[in-house]
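Peer 1: Each chain is listed here by its residues.
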Amino acid sequence: MGKKSKDKRDIYYRKAKEQGWRARSAFKLLQIDEKFNILSGVTKAVDLCAAPGSWSQVLSRKLYLNEEIDIKEPTNLFYTEALTQVQTPATNESKKNENVKIVAVDLQPMSPLPGVIQIQGDITKYSTAQEIITHFEGEKADLVICDGAPDVTGLHCMDIYIQAQLLLGALHITCNVLREGGTFIAKIFRGKDSDLLTNQLLTLFREVHVAKPKSSRHSSIEAFVVCQGYFPPDGFDPKLMTPYLEVSNKDFSTLEGINRVIIPFIVCGDVSAYDSDTTYPLQLKGEGPYEYRAPVQPPIAPPYSFKPEPTKSDIDQFLKKIDEAAKRVGLGLGADMKSLNDSVRKLNLTDIDDQESCSSSNFDDIAEDSCENEAKTKDMFDNGPYFDLLLKVEEVKKLKVVEEEPEATIELRNVDLKNLQELEFLCEYESSDPEIIAALLKHVQQGNNPHTCTCFCSE
Amino acid sequence: MFNSKTIKTDVTSLHIYNNLLLSGIGGFLHIFELNTHNLLCRRNIFEGHKIYGIITSANRRESIIYGGKNIAIISNLENLKELIIKQSHLLSDWILDAKWIDNDRNIATIFMHNKVTVWSENFVKLWTAKCEEKCILYSAKICHDYTENMLILSGTVFSDILLWKPHVLNSNGESPVLTRLKHHNGVIFNIDYNQKTGCICSASDDRSAILWKILNKECLEEINQHNSENLRINISCQVYGHLSRVFRCCILEDGFVTAGEDSSLIIWDFKGGLLRKIDNHQGSVWSLAYNHSKNILCSGGNNGAISKFNISATQKTTVISLLQNENPKHVGLLFSQNIISITEKAVFNVYNKKLEKINEIAIHKDLQNYNIMAVSSCRKMVALAGFSGQIYIYQEINNVLKELTKCILKNCERIYSFHWLNCRTFLICQNEGKMSLCVIYKKRVCIIQRFVLPYSKERWSTCAISFNEHIVIGDRKGNIYNYVVGQETPLNSCKKAHSNLGVSYLCSRNNNILSLGKDGVLKKYIFYNGLLTCIESTKTKLSWLAYLEENYLIAFSANNFIISDYQFQRVLFEYFCGGGHRSWSFLNSQGNFMFAFIKQKSLNLIEANLDDYTPKDIIQGYHVKEINSIQSIVISKQLFLISGGEDTVLRISVLDNNSNIKLLYNSKVHLSSIRVISVCNLINKINEYMIFSAGGRAQIISWHLSIEFNDHNFPIVTCSEKGNFYEPLREDEAENRIMDLAIIIINNEIFLFSGCSDGYIKIYLVDDNLTMTYKTTLTYKHTCITKLLNVSINKLNVLVSMATDGHVVFWNTFEIINEKKINPISGFKIHQSGISSTSYRIINNNKLLLMTCGDDNSVVFTLFEIIPINNKLEIKLLDNFVEDGIHCAQITGAYINNNIFLTSSIDQRVVLGTLCVSNNKITVKHLNKYNSAIADQQGLDCLEDENSLNIFVYGNGVEYMKVNLENL
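Line by line, the protein sequences are chains A and B.
Residue numbering for the first sequence follows full-length UniProt numbering, starting at 1 and increasing by one per position.
Residue numbering for the second sequence follows full-length UniProt numbering, starting at 1 and increasing by one per position.
In isolation and in its complexed conformation, chain A is listed as follows (with noise of 0.2 Å):
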């Protein structure tokens, strides 16, 4: 498996990264907004559970920078002359709309966008609403949307418990921040019991859809609820809203007859969009060559990442050993210690797009110095703090020599060949005795099976 083998196997993830995106998902809010108008018009919006934050990216090319982004076009289908005249850092400060206030929430940070102001806070605390108000200055927002989902189990009833909990829980905050006749945009899993998340919505809004886009995948679970047109009933309190919409106190009989509304599913995206099932070659008609392309945003910090930070002592030791081996070894590294300290220092404080000029300033500096005497620096890496290392990989090679010569290339030793005096030299002929060449074709028709051969040893 290559690093292209996800182009190869999805269009989407590879346009993503082509076109500057953060994530495939930005595609999904798009096609949403194509077939939904939900973008238009809108001042002040909230994306809730933003990291990466491709939907927020959506929010402040398309609302803040201005950009037409139109993918209708067939051609133009993912707009690379749009984006062009976005990353050209001339864009004419006049397109921006100023009046555009996007809010991104989530508990996680995220690399700054344009126009984008973020939060880091906890969706389910009511402060966090009040925090939203603030940065709108007292009003409420036309658009929440939300593209959260749970860490995934595999336990599939669990998974979309959790995502229905979450998709309540964003929707309480929206509750609280959202403007009558606002939208509400967020990610449900299709599957068991999904109907009576998505028919209780009907009580708060006008009109509820569930949308499909097509960048997300036929084989997927995940959609989207359109729920446009808020509209809370008289004397709703949206800070008491989760008793009223106990989504967990109903059953399927309750869903049964009259009560049983069906919300309309709906497919976007163009007929000419890219499908995400359909297989694309690397190389697309009317397009330039391919190109493999790193991804926008690498994912930061996994729970399974093994390399912990280094901790203030590890440094410390570290340093350490260096001035040790430098002592040792005469190096007048003792007075330059304080400016390699900060160095190393700032380098684990550093974030990462700062990580590289950082290093290679300082570290060019330090490399050049040591490289003067050749002797010196052989001694210290002979006695310093590497040695131990190289001992061992020269032992390890050395093992693996010895492992691996294949038996042939054991050099040839002379045999003392009065040793084998004693011993009966055997005919290089074969034997035409019928009677021994019987015996052999008994016992090799016996097979050499351990558990179904008779045994001649008892002979």
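Any given hint could turn out to be false.
Stated by the list, open to error - Derived lysine-lysine pairs resembling DSSO-like cross-links, with alpha carbons at most 27 Å apart:
#: 1; chain 1: B; residue 1: 457; chain 2: B; residue 2: 406
#: 2; chain 1: A; residue 1: 35; chain 2: B; residue 2: 781
#: 3; chain 1: A; residue 1: 140; chain 2: B; residue 2: 134
#: 4; chain 1: B; residue 1: 69; chain 2: A; residue 2: 125
#: 5; chain 1: A; residue 1: 35; chain 2: B; residue 2: 829
#: 6; chain 1: B; residue 1: 380; chain 2: B; residue 2: 406
#: 7; chain 1: A; residue 1: 125; chain 2: B; residue 2: 134
#: 8; chain 1: B; residue 1: 443; chain 2: B; residue 2: 496
#: 9; chain 1: B; residue 1: 781; chain 2: A; residue 2: 17
#: 10; chain 1: B; residue 1: 434; chain 2: B; residue 2: 406
#: 11; chain 1: B; residue 1: 130; chain 2: A; residue 2: 125
#: 12; chain 1: B; residue 1: 380; chain 2: B; residue 2: 365
#: 13; chain 1: B; residue 1: 81; chain 2: B; residue 2: 294
#: 14; chain 1: A; residue 1: 125; chain 2: B; residue 2: 182
#: 15; chain 1: B; residue 1: 277; chain 2: B; residue 2: 308
To be verified - Residues of chain A clear of chain B, computed beta-carbon distances all greater than 10 Å:
#: 16; residue: 18
#: 17; residue: 24
#: 18; residue: 95
#: 19; residue: 115
#: 20; residue: 130
#: 21; residue: 166
#: 22; residue: 176
#: 23; residue: 180
#: 24; residue: 191
#: 25; residue: 194
#: 26; residue: 228
#: 27; residue: 229
FYI, nobody ran anything at the bench for these hints, they're computed from the structure.
Note that the structure is a prediction, hence the values are computed from the model and not measured.
We put the CB at the ideal spot given by N, CA and C, even for glycine.
Fit chain B to the given chain A structure using the hints.
Peer 2: Frame of chain A, contents of chain B only:
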């Protein structure tokens, strides 16, 4: 109406109660006898909801069963015939744990929203406590037995474990968090607690498990928010051993066990030392049950398997030093269990195991510096051979090793390898591939036959066996040659049967030849007209296969020696020996095995009882991950299932009298997932079938299946791979998947149509030997094909293709196979998006009733008329009926016959209805619905017999149901 006969899916709960094993599979409670593994009772507790927990009490003869929001009480476990469900309730939130408290009078439950409710035995809500921290929990544990001292451990999505007491309240009336265990770096999936020792064990998304210890557990009684800082909890150890997420953990008497997504179970001691790693299940492990007095651990996996382990299995290690610090070169185990070895200085020793004493047998000075040793399979004959063609044969008689004969080959050339064929015949290999077949006749060695190994770079043999008149030899470069006595050159050869790492072992069983390779592949051959023919190739998870005996496959993986079982290649025993590049010997006698090897100039011996290490299957597993296709066939009134899925394994199973699914054959040849299986009876042959399986990487494999029955009417399956159509990708090509297949037989010619994800339909001609030859390709649009149907009406053949664009497209099959200009006849947009399942029937010999179901939740019945006009076909749409209210997710299963229809969906509902066509009008009515616990359903298969439907719903597991048509 739906009568569920069997279900195989995630085993989400296990509980040992006396001599019973209670397990939750789907919504069904299965009760097994722990010793005999007999299924005593099977009861549907929650329709369509999985059982996540089974709780019994020491004093009360009633157990709590919960799953999702459902909870039930069952009684009469002592008399299973009268087992009753006393109560069943739907609560307001997902239940994570439940417990009998207050002298077993009340029931406590903890919910996903960090809330505890206590109920009376009649399920009257007594009181509720909320934790001040409101967040979603993935796991929780209720500890202690009384309301007053009840302690909750809740594992949050934010990596914390919260410790709180429902009986301690703050001024807001909520329960404060008394302490927060922070050290994990991911969701907490499971928490276990041992009241006696005050140990807490937690399993997490971060691939680790942590054992915590409450140092002053005596103060737990009076702890509250004001003195909570007094509580002292330490981390005893944090263990890393799983390759993936850790889902379950359980504290044992003298250690703890963890299990996870990587399918392994690891037993640790309290200090975090790894005691044993068991790689038993083939997928995630979802449940554990432990019984200390019986020393038994049971585990349940996502492949539906339940296994039982003896956790007290022990091994004995002996290190034997040779006299005078000699450097041993070769080691062997004899029938007497004595260990022989020859050193670099050619000292031939025997270690008497009973006396624990080493004896020198001989010093062969001529074997100094170079010698080889071989022990016959009966373990009574030993051969030593040298650099100048010397051969010394020893024989063990009455546990004493004696020299039988010796000789030197006249050419005085080095002997590269020596293979015992049995205890009187052997093969030797010399320079330039010279092989000599020898026999020991009247205590003398005679050469009978010369063979020549074909040229290769390292030209020597590595293993050999005799089978009837054949001698089969494997060489260093991975080739296998078939010789007969009387001919110097091979009859035929299997070039590159294994990679150039070489063939490591050959043996015969059940008239087949098996070969093992250092490439981790196991191959099976038969003699077909005297020629060695490969019929099966299995890539195991093990990297270096070394030896096979009975059901035990011996292998090396990195530095470890591994014993695994032959059928499933599960690791039973693993030992760090340093790797396979050393002399070793393995002997198994009556379940006790010995493994001798050389390490650091000493002989090492490991002994253990393999039976103790072998897990016992209480229920056999089925597919791991999603099943994408099941085809059922009936032969001699027995139901056979041919299935494949994301785990790339093709399985053939039979339903026994108790509707258990019994595996008959499995093969892991597909490089990627199997998406579709097509089965067709071979022309003019009974009980013989052709099977085509296809899926990821655009691979199609054809199989020949024949089923016979033995005297007990038990089926004997022979399935062999015939053709493997797979084109490797070019660098810039995207990965193509085959989505559906259709077999079409016209004028005794077999055509295979495959629908691909790149929008192409490819056509192959299939010959008598089931090999496929590519003929042509159809295309109309760049959209993923999802379904193909071949419809023959009134001698007309029509191909129907469906795709993710929701279109149904008709093609004239005759035109296609005659390779005329190929354009579709016509296309109809029926669905908004992808069509995921379809079924059809012919009405009045000229009309086609097509049922299509899609991703858009709708079931559509469309009536077409096929009209032949001047050698052309015309398709006319007569009527269309859309039903989009019966499912709320993608509909993946569809079936129609003359008057009924069936649908199944990812929403886990199986719907049965009637349909009627009269005057070109379709009317549909739904009758009944069943909620299946099979998640992520990928389809259904239905077989009709005289008066019932046999329905298989599959996806994340399989459920078999019967519907009696007489009641309709």
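Peer 1: All hints, please: hold or fail.
Peer 2: Hint check results:
1. B:457 - B:406: Not satisfied, since the Cα-Cα distance of roughly 31 Å exceeds 27 Å.
2. A:35 - B:781: This hinted pair holds, its Cα atoms lying about 23 Å apart.
3. A:140 - B:134: Holds, because 25 Å separates the two Cα atoms, which is no more than 27 Å.
4. B:69 - A:125: 25 Å, holds
5. A:35 - B:829: Cα-Cα ~19 Å, so holds.
6. B:380 - B:406: 16 Å, holds
7. A:125 - B:134: 9 Å, holds
8. B:443 - B:496: 38 Å, violated
9. B:781 - A:17: The hint holds at about 26 Å.
10. B:434 - B:406: Within the cut-off at roughly 20 Å; holds.
11. B:130 - A:125: 16 Å, holds
12. B:380 - B:365: 24 Å, holds
13. B:81 - B:294: Given pair residue 81 of chain B, residue 294 of chain B holds - Cα atoms ~25 Å apart, limit 27 Å.
14. A:125 - B:182: 22 Å, holds
15. B:277 - B:308: 14 Å, holds
16. 18: It holds; residue 18 of chain A is separated from chain B by about 15 Å at its closest Cβ, greater than 10 Å.
17. 24: 16 Å, holds
18. 95: 35 Å, holds
19. 115: 29 Å, holds
20. 130: 17 Å, holds
21. 166: The claim is violated: residue 166 of chain A sits with its nearest Cβ about 8 Å from chain B, within 10 Å.
22. 176: Its Cβ never comes within 10 Å of chain B, the nearest being 16 Å, so this holds.
23. 180: 27 Å, holds
24. 191: 5 Å, violated
25. 194: The claim is violated: residue 194 of chain A sits with its nearest Cβ about 5 Å from chain B, within 10 Å.
26. 228: It holds; residue 228 of chain A is separated from chain B by about 19 Å at its closest Cβ, greater than 10 Å.
27. 229: The assertion about residue 229 of chain A holds, with a minimum of 22 Å to chain B.
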